[in-house]
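Peer 1: So you can see what is in the structure, the chains are spelled out below.
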Amino acid sequence: MLGKLDLSAFIHGPIETVAQLSVVFGVVVVVGLLSYYKAWGWLWREYLTSLDAKKIGIMYIALSFVMLARGAVDAFMMRTQQAIEVGANSGFLSPDHYAQVFTAHGVIMIFFVAMPFMFGLINLIVPLQIGAKDVAYPFLNSMSFWLTVVGAVLINLSLVVGEFAATGWLAYPPLSELQFSPGVGVDYYIWALQIAGVGTLISGINFLVTITTMRLKDMSWMKMPIFVWTVFGAMILVIFAFPILTGTLGLLSLDRIAGFHFFTTDLGGSAMMYVNLIWAWGHPEVYILILPAFGIFSEIVPTFSQKRLFGYTSMVVATLAIVFLSFIVWVHHFFTMGAGADVNAFFGIMTMAIAIPTGVKVFNWLFTMFRGRILFKTPMLWFMGFLTTFVLGGATGVLLAVPGADFQLHNSLFLVAHFHNMIIGGVLFGFFAGFVYWFPKIFGFMLNERLGVYAFWCWIVGFVLAFIPLYILGLMGMTRRLYEVSPQFHPLLVVAGVGAAVIALGMFFQVLQLVVSIWQRKENPAGDNPWNGTHLEWQTSSPPPFDPERSNDGVMVGILAGLFGFAMIWQIWWLAVIGLVGVLAVLIARSFQHHEHS
Amino acid sequence: MDFLKGILHPQGLVAHSELTLMIQATALMLVVLVPVYILIFFFAWYYRAGNTKAKYVPNWQHAKLDELVWWAIPFEIILVLGALTWTSTHQLDPKQPLAISGEPMIVEVVALPWKWLFIYPKEHIATVNYVAFPKDRPIQFQITADAPMNSFWIPELGGQIYAMTGMVTHLTLASDKEGSYQGMSANYSGEGFADMKFKAQSMSEDEFDLWVTEMHAQSHYLEKGAYQTLAKPGTSTVMYYSEISPTLFDDIVRKFNHAR
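Line by line, the protein sequences give chains A and B.
Start counting the first sequence at 1; every next residue gets the next number (the working numbering).
Start counting the second sequence at 599; every next residue gets the next number (the working numbering).
By construction, these hints were calculated from the structure, which means they are not laboratory data.
One thing to keep in mind: the hints can contain errors.
Pairwise CB distance ranges (calculated) [said to hold, decoys possible]: (1) B/K853 with A/T246: 30 to 38 Å; (2) A/A88 with B/G777: 25 to 33 Å; (3) A/A589 with B/D849: 36 to 44 Å; (4) A/I205 with B/L677: 34 to 42 Å; (5) A/E46 with B/D664: 43 to 51 Å; (6) A/T246 with B/S817: 30 to 38 Å; (7) B/K822 with A/L267: 17 to 25 Å; (8) B/L666 with A/A258: 43 to 51 Å.
Short, incomplete list of chain A residues facing chain B, as computed with Cβ under 10 Å [claimed, not checked]: (9) G41; (10) V160; (11) S314; (12) M384; (13) M476; (14) T479.
Backbone N, C-alpha and C fix where the C-beta goes; we use that ideal spot for every residue, glycine too.
Given these sequences and hints, build the entire structure.
Peer 2: Okay, structure coming up:
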């Protein structure tokens with residue numbers, strides 16, 4: 001009746017139980033507060049069922065912040081474990097729990113922090129920048145959001161009932177096969193990503209169509225803001241890359257549920273096929289995240305240099321070059337799998353080639369600052385933080401792209417430092433910059449500048465303290481994913497732990513900034529154009545008019561898809577059928593109703 | 599100094615060449631990095647809004663020649679780096695024989711959950727979590743697995759290669775100094791991953807011969823049953839086997855072509 005689910009799924013070790021209870025407690029507090037303030041109706045009408053892209057954008061960013069807290073807790077647990085694990089002290093995490101933590105950290109930060117943050121900003125700004133009232137398919141937009149929420153809920157649910165994957169964030173087989181991972185952890189991983197992934201793909205199509213067809217009449221392609229261009233590029237990548245992810249995870253689930261042998265050790269299964277496929281999605285994914293961040297900086301640098309963007313055409317060409325190149329570099333994630341020298345050398349050189357358009361972008365930003373009048377407001381500070389760290393990360397990336405060097409650096413903490421360098425210094429700083437830049441537009445009041453500056457300095461100092469030691473540790477020969485480390489690595493791991501604490505302080509200032517700014521919102525009205533921005537979003541009121549249209553169907557699809565996912569994880573087949581048929585029924589029923597827009 | 603351990607402390611030809619390659623590539627990149635960092639800080643400081651003496655040209659947004667230069671500089675650097683990559687990748691191809699004299703020695707490596715089995719086919723011995731070899735001779739590691747994917751890595755001797763079931767990957771390394779080097783798995787393979795470490799012991803030719811003779815004097819036979827016990831999930835201490843089933847390695851590689 002309940003598949004693999006029984007009471008034992010709720011019983012965990014002491015540390016896991018704390019996590020379990022915090023999730024339950026968090027939900028109870030939120031539900032309690034909403035009930036106490038009788039806010040359910042307001043929340044339901046104004047946000048949960050809204051079809052307005054800006055409302056959906058706000059919800060995406062809220063989701064991203066909640067998951068950032070979760071992913072950060074995972075990071076602090078890992079840093080603490082590695083910092084206190086010395087001599088007789090074996091730390092507080094068991095090997096299996098540590099593996100679940102680093103897996104969850106990676107999955108959450110990419111899929112449920114970076115992606116929703118990106119789609120949040122896109123939802124808020126792209127329609128405004130092209131002069132459109134909304135996106136092409138507002139209902140699908142709401143549905144995409146709810147499918148993303150389902151993925152996030154499933155991941156957190158794994159803390160309460162069952163377990164999460166202990167495989168690393170890409171779940172390489174054969175470790176992720178039934179033979180080595182018999183529990184439901186990998187199934188949580190698969191179905192959370194499958195459901196969220198469908199949402200992402202639909203969003204990709206939605207924004208591609210929006211940008212292609214809904215621009216103001218006199219906004220030709222070469223008049224689009226660079227942010228719109230980079231989103232356009234990222235959405236092309238989403239449309240080409242995400243079906244690969246869905247297919248690959250689909251094959252893995254067939255292996256696990258139906259006894260197939262795509263990636264098993266025996267009967268002709270090939271783990272190497274999985275590694276190729278997952279990175280054929282995984283590499284474009286990196287550019288899906290970074291391209292919009294580049295776009296955000298291309299908005300911010302001219303605004304705060306009080307000057308036009310230098311080299312618009314170059315920026316467009318560079319963006320499209322990155323879109324193209326990002327599909328022919330995936331092998332650089334596994335030069336060490338034994339491919340021949342020709343193959344490795346080709347993918348190495350293609351990878352370096354991406355440094356050319358990226359370098360051009362850096363030069364164009366620099367020469368936008370040249371002969372400008374630069375105002376160092378928080379968005380510009382985030383840009384400076386990005387530029388100084390990203391150039392370093394780019395250089396270590398080129399180093400890793402040389403196969404002969406990668407043989408030594410692969411899987412070491414040098415690699416870990418490199419991609420955090422790109423994802424924190426590049427993607428996250430970019431999204432933070434976009435958030436503080438466009439916040440006044442969406443909410444109509446300014447964020448507290450001083451607390452924003454504190455947050456920035458904590459993040460940049462914390463970043464350097466947390467990740468420069470990892471570069472050195474990698475060179476010393478320390479591999480990633482160790483719950484237990486040799487004593488010679490210990491001093492630098494303590495430094496990295498201190499860095500994580502400084503980042504935590506930065507996050508505290510960000511929360512404080514939001515609270516204080518909301519508290520003092522009446523004293524700090526934004527006006528229509530607080531930064532003297534030149535693009536269309538600054539021509540409308542702050543906040544811009546919201547579209548009152550709403551639909552309950554997005555939430556319904558989310559709930560049913562969530563039941564389907566939960567049922568697939570625990571193999572409760574009747575419930576899976578109800579969930580899937582329910583989703584289709586809602587969509588079919590909706591197609592018979594008349595809507596002004598679909 | 600602990601900082602000098604690992605990749606920065608190469609003890610063999612491969613690790614030496616890989617480190618040299620890293621230094622060359624880094625030096626090439628510094629050609630761009632240094633001016634870029636100088637420009638970043640100089641522009642940010644000089645063109646700050648407070649500095650009204652600096653020239654201000656708000657509408658300057660396009661200059662063909664300048665843009666050509668931005669495209670050209672990274673392009674040229676990548677051209678040089680690309681050439682370096684092509685030649686070095688072929689030179690450092692782990693399947694290639696090494697440019698040192700001395701008869702190559704073969705060591706068969708099996709990644710087990712969570713320990714390393716080393717088989718010396720010519721010497722008919724085997725070891726667990728310990729591998730010994732003479733210095734100044736190319737050591738051809740032939741690597742497979744009877745476990746989730748692992749990566750075979752001895753940082754001081756040279757770069758890694760994956761260990762996978764049902765197939766054999768190759769890595770040729772050499773050491774030019776006697777000594778004990780840390781080897782490990784670099785690819786996460788489950789609960790006991792952190793303990794998948796081994797000592798790689800480089801010794802003189804005479805010492806190695808003596809060691810092999812001593813090994814033969816013991817009587818631990820690694821036959822099928824003993825192997826199956828060893829292959830069960832769990833960590834292990836260092837172990838020695840004075841005799842092995844001659845087809846053991848091939849059997850391990852081949853068994854995955856059939857149903858479990």
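Peer 1: Against each hint, give a clear statement of whether it holds in the structure.
Peer 2: Consistency of the hints with the structure:
The hinted window of 30 to 38 Å between B/K853 and A/T246 holds, with their beta carbons roughly 33 Å apart. Between A/A88 and B/G777 the CB atoms are about 29 Å apart, so this pair conforms to the stated range of 25 to 33 Å. Between A/A589 and B/D849 the CB atoms are about 60 Å apart, so this pair departs from the stated range of 36 to 44 Å. Evaluation of the 34 to 42 Å hint for A/I205 and B/L677 yields a pass: the beta carbon distance comes to about 38 Å.
Between A/E46 and B/D664 the beta carbon distance is about 49 Å. The supplied range of 43 to 51 Å therefore holds. For A/T246 and B/S817, the hinted distance range of 30 to 38 Å is not satisfied, since their beta carbons lie about 56 Å from each other. A hinted range of 17 to 25 Å for the beta carbons of B/K822 and A/L267 is consistent with their spacing of about 22 Å. Our hint of 43 to 51 Å for B/L666 and A/A258 is violated, since their Cβ atoms are close to 57 Å apart.
The restraint placing A/G41 at the interface with chain B is violated, with a minimum CB-CB distance near 47 Å, outside the 10 Å limit. Interface hint status for A/V160: violated, as the beta-carbon distance to the closest one in chain B is roughly 23 Å, over 10 Å. Here the hint on A/S314 is kept, as its CB sits about 5 Å from the closest CB of chain B, short of 10 Å. At about 6 Å, the closest approach between the beta carbon of A/M384 and any beta carbon in chain B falls short of 10 Å, and the interface hint on this residue holds.
Checking A/M476 against chain B by beta carbon gives a least distance of about 4 Å; that is within 10 Å, so the hint holds. At its closest, the beta carbon of A/T479 sits 5 Å from a beta carbon of chain B; the interface hint therefore holds under the 10 Å criterion.
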